[in-house]
Each structure stands twice: as structure tokens, then as C-alpha cells.
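Given the coordinates of chain R, work out where chain Z should sit on it, guided by the hints.
Chains as they are written, first to last, in this note's numbering: chain R, 1 to 303; chain Z, 304 to 735.
Check each hint, because a few of them may be wrong.
As the list claims (entries may be wrong) - Pulled a few chain Z residues facing chain R out of the computed Cβ check, cut under 7 Å:
1. E535
2. P566
3. A734
To be clear, the hints were calculated from the coordinates, so they are not data collected in a lab. Bear in mind the structure is a predicted one, so any value in this text is a computation, not a measurement. Ideal Cβ positions, reconstructed from N, Cα and C, are used throughout, including at glycine.
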Amino acid sequence: MRHFKRVVGLKLSRIVELIINSVLLAGLYATMAYGLGLIYGVLRIVNLAHGGVIMAGAYAGWYLHELGVDPYLSLVPVGVASFFLGVVMYRGLVYRLPRGAAGGVQSLLLLFGLWLILRNIAYLLFTGNDQTLRTGYSTKAVTLAGELVSVNRMAVFAVAILILIILHILLTQTYVGKAIRAVAQNPDSCTLVGIRVERIYSLTFGLGTALAAIAGLLGATLFPFNPGFGSSELLKSFVVVVLGGLGSVAGTAIAALILAVAEVFPTAIPGFPTYLTAAVGFVLLVLVLVLRPGGLFGQRVLG
Amino acid sequence: MRTSRTAIVLCAVLAAACKKSNQTEGAPSGGTAPAGQTSAAAPAPGGDAIRIGATLPLTGAESRIGGFYKEGYDLAFEEATKNGGVDVGGKKMPVQLTLLDDTSTQATAASLADRLINSDKVHFLLGTYATNLVEAQSVVAEQNQIPYVNGGGAATAIYKRGYKWVFGLLAPVELLAEAIMKWVDAQQQAGKLPKPATIALLWENTSHGKDFRKGVTEFANKGGNYKIVVDESFELNGKDFSALLGKVKAANADMFLADAHLPDYITMQRQYVTAGMCHKIQSYGARGSEKQAAEALTPKNVQYIVSAVWWSSLLADKNPEAKRFVDLFKAKYGGRAPEWYQALGYETARALFVAITQAGSLDREAIRAKLAGLKIPSLLPGGELTFPAEFGQQSHAPFVAQQNLPDGTSPIIAPPDAATGKGVAPNPGCAK
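The following block holds chain Z by itself, in its conformation from the complex:
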């Protein structure tokens, strides 16, 4: 009996600990948002500077990426300061960023957003990183009717709630899957892949994974040229994928498409290689071109993996906005090339600055309206940033697909207008 009681107490404590440590992309949470502030948007508080609040996961499980976003924010604010501030109705006003650490937890992200709005009296909010944190924080922004621009939440669930004050720069993961499938389709049309081609599809059991699955299945079901023979999910931060990979191996599919975060990608690919598996096309969604993965798995074991990302520094070759950003970033950070995280951080802040300038005032409603109608040249693929109302004010900028090649490079292989190299299909390694 004592054992049972101890076990029950222990389970409760462990569940709390795991909730803290496992940064899954969970359900929306807005429990800490203040109630009763649903009146029409109040005029922004006065003052000589534009006060912008933000939180980022600077510690905790997402701290690495939180640090990348901070670099993007810092660069955008530094640039604005160098230009004498942001133009508001013909007058340059300095911009101040109040940046807090949300410790990678939903509750902290939501409560700090509340603090920024109601205690620090910021005029506007920039978003944090990771879908689960943005989901929690966006509720607070909406309830307080303050413009909230984020570059860290991609799940369509955030934008399907009819929110008016929330704007997202990350295009949905469905488009990521579509970008990969479009390139695959071009290879099939060119006769490089069988028709119909069979797909083994694995996806992490998160909103990210579900969106990926939706993108692949919708594309596959359109023309009858693809048949999904394995469709399985797995738990985020899984440790043993061997049984699941055994199922994939038994299915003998032409393509292996998975959606995974970096640790799961490394674990799964290690087990995939060990099991002697090879597919004509292989992808882990947004993962693949990371230097860290190549180091963990050796470059040989990540060859020909196709990935799709929201942005690549290779876009600088064809997109002047991307080139300007890459040059600025390299100048500030000692020649290091930026990843998509810094680019999205920078562009998020810049989008807000542009909307403030276009509105010509610090009135929240005026800026919300300008963000809703925003259409500006952008460093994003496609070269333009908008927040379409039909998609809940979530950007639908296209993704760029990349492929790891034996020479260690990962050129952009699609879309054609952004391509910096040619992709290879089917994987020549499978013939060996």
C-alpha cells in the first residue's frame, strides 16, 4: 500500500518534470492571460521611444534556437537605430526592445507577455520561438488587442482561431511537404521515379508532424501517381525507432519521407543506416542540411537527403533583400553565415517597423490594419511578405528544397526560380 502511495506521488512529480523538459508542440494554452480586457483597442501610451516587447527561449530546451532569433532581433534593432530610428509620421523615433527569457516554457511565455503589455506598457509585441510557446503567447496578445508579429510558430492551428492581432511569418508545414513533393513530382515526370511511386511516411505526433502528413497525403492523393504504403506516427524525442523502421523496410517503398526534429532525425537516421536501408528519395522534412547532423552521422550517411526550409542563405544569390541581410549579418557576426532562424527573427522585427512607418502613428488598430494589408519586398523565398487573411494572417511564402550532395554542399534544388543547383534522383547510393 505504501509502495502504491509513493508510486502515485512519484508519478505526479515525474509527470510535472517531463512536462517541463519535453518541449513538445502541444495544445494551445492561454490560462495565464488576463481576463476582462476585451474593449476596443486603446491608443498606445505616449513617450519618446517605440517600446517593443518580446520573449525568447534563452534558457531551457530551445535556448540554442532562441539565441539565433535574438541575433536576428538584435540586428534589426541595431539597423533601425543606425538609421536614426523608425519613421513615424515623418519623425524618427528610437526603438527599444524589452527582451525577456521565457525559459522555453508555455506558462512563462504567456505570463511574460502579460507583464510586457500591462506592466512594462510596451506598444507592440514580437513573438517567441516554437509553436507551443507562440500558441500560448498569442492568446495573451489577442485578449489584450496588441499587434503580435511572430516568426517562430508554424502550426496552422495558431492561425485558425480567427485572431485579428496575430501575424505569422513562418509558412505552414503543409507547404514544406508540398515543396518536397513538387520536386519529387518533377523527377517522376522526368522518368526518374516509378509511376506510381510508393511512399513510406513517418511523422512525429505533434501539430508539426500532422501538418507534414497532411501536406504529403493531399499531394499524393491528387493525381494517383503516388501510393502511401506506410503511414505511421511516433512520439517526439523517441529513443527506439528500430521497430518502426522495420515496418518501413518490410514495405519496400520507393520513397521514405519523415518529419522529425533534429534529435529524432539523428537517432532515426543512425538506425536507418545501421539497418542497411536505402530509398530512391529520402527526406526528414525540414531536417537534413544541418552541419550538426552531418557531424553526428558523417557526411556520407546524410548524402542525397532532401529537405525543405523556410529560408536559406543561398537565396542571397538571387534575392536582393536576402543578400542585404546576409551581408549585414556577416558584418555583425564575424563572417558567420546566418541560418533561417536569424533570418526569420530579423524579418519579423522589420515587418513590424515597416507597418509602424506605414501607419504613421503608434495607434495599435492602425498598425494592425497595416500589417493585415502588408505587401513588401522580403528576404523570404518568393521575395514578398504578406499576411493573407484567408490563411488567418499566416504568411504563405514558398519553401526552398535542398539536397545534400557528396561534395558536402546542399544547394537549393527547388523551386526552379531560386535553384542554385540540380537535385539527384533516384539516390545513386542505393544501387551499390
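Same shape as in the complex, but just chain R:
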């Protein structure tokens, strides 16, 4: 209560600043988590290669930037290329795993191995050097509600909202989206009504991989990265997806906001050891798994 009063006693400008920081951070977290949530929602597979794809997306954006392409213009080619990478990963590897609970551990091990391979390929190609993506707007800011806000972080947030809208329209308004939701609910019945389940699986895996690569590219515009990039991003994504309820896209976005608020606001509490903010998400994860294993928004299918 004493801490609460201290927080409430903050200046209004500081509270506005904390809210803006939370919302912008939530945009990044949501972008990182969409792909992981989508793949789990449909295939019931936790894609541990997600971290590796995030890293690959960062390097792809960096490489294109070296060729003179703006990172935000790279989103489309990187997304398309990683979509096909995801389809190949599914067809070549994931497809061969046993379905259902029997394939759970195998998929974890396989995709974890794939992540390590991706990481070591990056070490071979790019060494362990930290790379950065610098653009003309990397340090530009605009005034919002009396606070200076990074243009780049606002752009990342805008992309996160755009992805949310596109995913929502895709899953609710299109035949493919409805098929994805149907497969997520009951793949056996889908076969009976003529939906090609394997095609939907590979499409979903490709889509999830593309979203991961886009998240990596966006992350690269904000932070330095090296082949180890993606580890903490995968952990955050996992926390967000579990908080939101595995398989819920809207829940993922809301959970990203909850995580961001939980990480940002404690920094305003006097005496709070700020290095512990990194642990806040995991405390939430444990609490949700114990108290509400289906996530805050229930075990839902996509949409």
C-alpha cells in the first residue's frame, strides 16, 4: 500500500511517460509473440526455432539495409522469404513428427536443435560481432502528450497493430482463415469436409515463421544483435503467449500489454531493484500456470 501511494504520488507527466513506454513496449512484445501463438494454436507445437527465426529476420533486415533498403521496406521481402522458409521447415521436418501428445517432446527437441543450427550458421557467417541497424530516424523523436517519443518505436507499435488487424481479418473474414480456425478446433472433421489439413498446417507454420522474422527485423531497428539474439525474445514471447492463453491472437496482444505494464511500472517504485523487472514476466508465468493454466483469457481457439 505504501508503495502504491508512492506510485500514485508520481507527477502526472511521469505517469504519462510510463504509460507511453508500456504501450510501445507491448507493441514489440506482441509482434514477437504472434507467430509463436499462431503455430501453437493450430499445430499444438511450441516452435522453439522461433528464437532462431527472430535472429535470422534481424540479419536479413541488416543485410538488405547494407544493400540500401530501408528496414520497413524490407518487411515484405523478409516476410515472404521466411514464409517459404517456414513451409520448408514444416514439410521437411515438422511434418514427419508424430501428431498429438506423442509428438510433444520430439517437436521440442527437433525445433530446439534447429534453433541451435540456425544460431551456429549465423556465427559462421557473421561471427559473434554485435551488429546494428542505423537509419536516419533511429534517434528521431516526436512530442506526444508532452513527452518525447521515439519515431522508430512508434513505427514498431504501428506495425504490431497492423499485424493484429490483418491477422484478425484473415482469421475471421477469409476462407483460409476460417479453415485455419477449423483445423485448430478439430482437424479430423476438417478432413471430412474437404479441408486439406496438411496444407493448412504448412501454411500456418509459414505464417508463424514470417511473423517471427518480421519481429526480428523490427527488433534489429531498436537493439544491437548477434547470433545469440532471439533467446530472451523467445522467452518473452512464451510468457506473452501463455499469459494470453495459447492460441488466442487478441489475448496475445492484451497479454503483451499486461507484461509491459508489469515490467515498466515497478521502475517507478522507490527502492525497487530494477534489474528484477526481467523476472516479473516469469513470476506472472508461474502464477498463471498454477492458477489459470489456460491463460488469462482461457484456452481459446484462434480469433
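Showing chain Z alone in chain R's frame:
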């Protein structure tokens, strides 16, 4: 229930992955060191060559810097070979380096040190790079009672364990903080900074960061001329410092002092500039003068940042040992100027060679004793290398402070006897 089980398995796998990828400066680890070899130092194995073992992080997260240290080691061994070997009791003996890749991981660093000692039968060990790896490896060296000279571990925790066989060339990070504060103090005495001056202090939650914090707070608490108004830590490889920087901004301090590794420095400084922040004095500890950071942030955004490092090639202007090293390095590596990593690698190997020569034999105990009493002219700031017993055999050579100036140079601004230029305080950019 199935979700919970999967989540638990997943968490375990992810934790293992992150432990591998995040090269934090963690607690000491000596789990892989062989047990039971605690007898008095055995005479070194015979043979015609001096066999020296080392590991470096040639792959993995620290591979870039590991490569720099390798350049330093290679140069020292090449020089010794050109001289006909190392003098041992009047006889020149060739030196052989067995260099292994510890992949930037603690467990590998420790197990490879064990292999070098007990399988490859090396006479002596040179250290790896990064505090966490040196912490792990030094345990193995101590248990096997083999001289271990390292230029890659700065945390005082390594040298506070009472080890007899471990010698470190990197001075503690507390001295780094002190070097910056001494220069700041001189500016304050000259009336360029307010008295008392307020400090916003951010430090990474590692042994490196804690030592930095200790150095700043001890200095600040001495004379009452400084007041720390923000004292916060952050996690290594952090992604979002905006909330923390908001706290710094709200405190309206005169100085912003942080201790960060290169990626965190780049991320934090980018967010600092974006937030429109400016302080009379700004520092990121050892970071600041790197070309990579200037490229990532633009030179304009790193102007007037003060840093302190263990060595600078600018020392060549005033230190003959540093000049000799810089000339040798440039001749071997196509005119490229060395950074402090290569200098420390070179000097580490050279210190061991000198101790071998002074001992006149390959007896481990004799060489340990010579290292403990070593006092030689050095390329390090201050011009002398010693391993003082009162500091656990960790060198206490002074740091050099540098400042990024608008013309793109980063001259040494302190200590006065090594200075190659004048520092600027307060930051004139804040007035704009």
C-alpha cells in the same frame, strides 16, 4: 494439465538455451575441476620446448574479443620465436602455444583447462577472456597448482579467494570508476561543475557493474562534493531502458554515469538521445570511444562521452613499451592500430615469459614466486606491471580516461602524465 507439463519442459529447455547464449558475468564455477590433486607443486615435465596452454572464446558470444586476444598471444609468441626462444637458465628454449576454443562457455573453459594440464601436460596456462570464464578456469589452475596468468578477468571476486597460482593483468573496475571520478573532480575543483554535483548512476547487474558502482559511490562519499540521486541496476543485454532513463531524466542530475557492455551502451544511448536527455558529464564506464558505437549512433550522438579503459594505443606517445608493442602490432597486422584487448593479450604472455626467464627453470613453484614478485617495465598505463599480494595478485595499473570530441578523436584526458589532449566539461551540447 498438458499445457502445464509442456510449459515446464519448455522452461527447462529455454533456461538451458539462455544460459548458453547470455554471456553474463556470473558466479564462479569450478565444477569440472579434477579433485584430489592438491599435493605440493610437482616439477614441470621435461622436454625441449616450453609448452604453454590457453583457451580463448574463438566462437560463441565473445568470439570477436577472443579473436583480439589471440592476435596479442600470436604476436608475443612470434616475437619470442624470432628471438630464438625464451631464455631459461642461459639456454634459449622454444615456446609452443596450445590454444583451444572454449566456445565462450564456462563449463568448456574449465574442462579444457583441465585437459591442457592433465592430458596435454602443458607447463603453464595463459588465461581466457571474460570474467565469468576466468572465474571458472582459475579454479582448475589453482587446484592443479599451475601458474595461470590472465589478461581477461577484471572482477575483484576472482582475486579475493586467496589463490596463489592466479595472476591478473586487468586492474579492477573500481579503479575504472575512480579514474573517471578523479577527472570529474578536477573539473569540479576548476569550477566547471557545481558543488555538490548530483549523480545519476546506472550499473549492470554483474560483478563488473557492482565494482563500478562501488568505485563511484566510494569516491562520491569521500568528500561530500557529490550526491548520488539515482542508483539503479539493470539486467545485462536489456532491451528497454526507457523507464529507467525516465527516472534519470526526472532526477535532473548533473552527471549521468552508467556501466554497460557495448550492446547495452548502444541501446541505452540511442534511447537517451531520443528522449532528448543531456548531462554535464556523461559516461558508460569502459564504453564510449569504440568506432562501432560511433557508427551505430553517429559521431554526433556520442560526443563528449567520457570513458576509461585499461590501455589505449595513444599511450605509445609517452610509453616506450607501448610504442614498441604498437609498432610490432602494426607491422604484423597491416598497419591496423591495436585495441586494449590485443595489448593485454600480448602483455599477459610477455609477463609469463619474463617470469620464466627470471626463474631460470620450468619449475612451477619458482615461476609462481617470480610472478608474485614481478616488477617490470610495461606497456600498461603507469609503465609498470606488478601483481600486488595485498590485492590477491591482481594488477592495479591505472586506467586512462578518454573523451569523444567533435572532431572525431578520443584523446587521453587523464591521468595528467598520460594525457594527449584536454577534456571538455561541462558538455557544451547541453546548452543548445
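Evaluation of the provided hints:
1. Among the interface hints, the one on E535(Z) holds; its C-beta lies about 5 Å from the nearest C-beta in chain R, closer than the 7 Å criterion.
2. Nearest Cβ of chain R to the Cβ of P566(Z): about 4 Å, under the 7 Å cut. The hint holds.
3. With 7 Å as the threshold, the beta carbon of A734(Z) stays out of range of chain R, its nearest partner Cβ sitting at about 18 Å, so the hint is violated.
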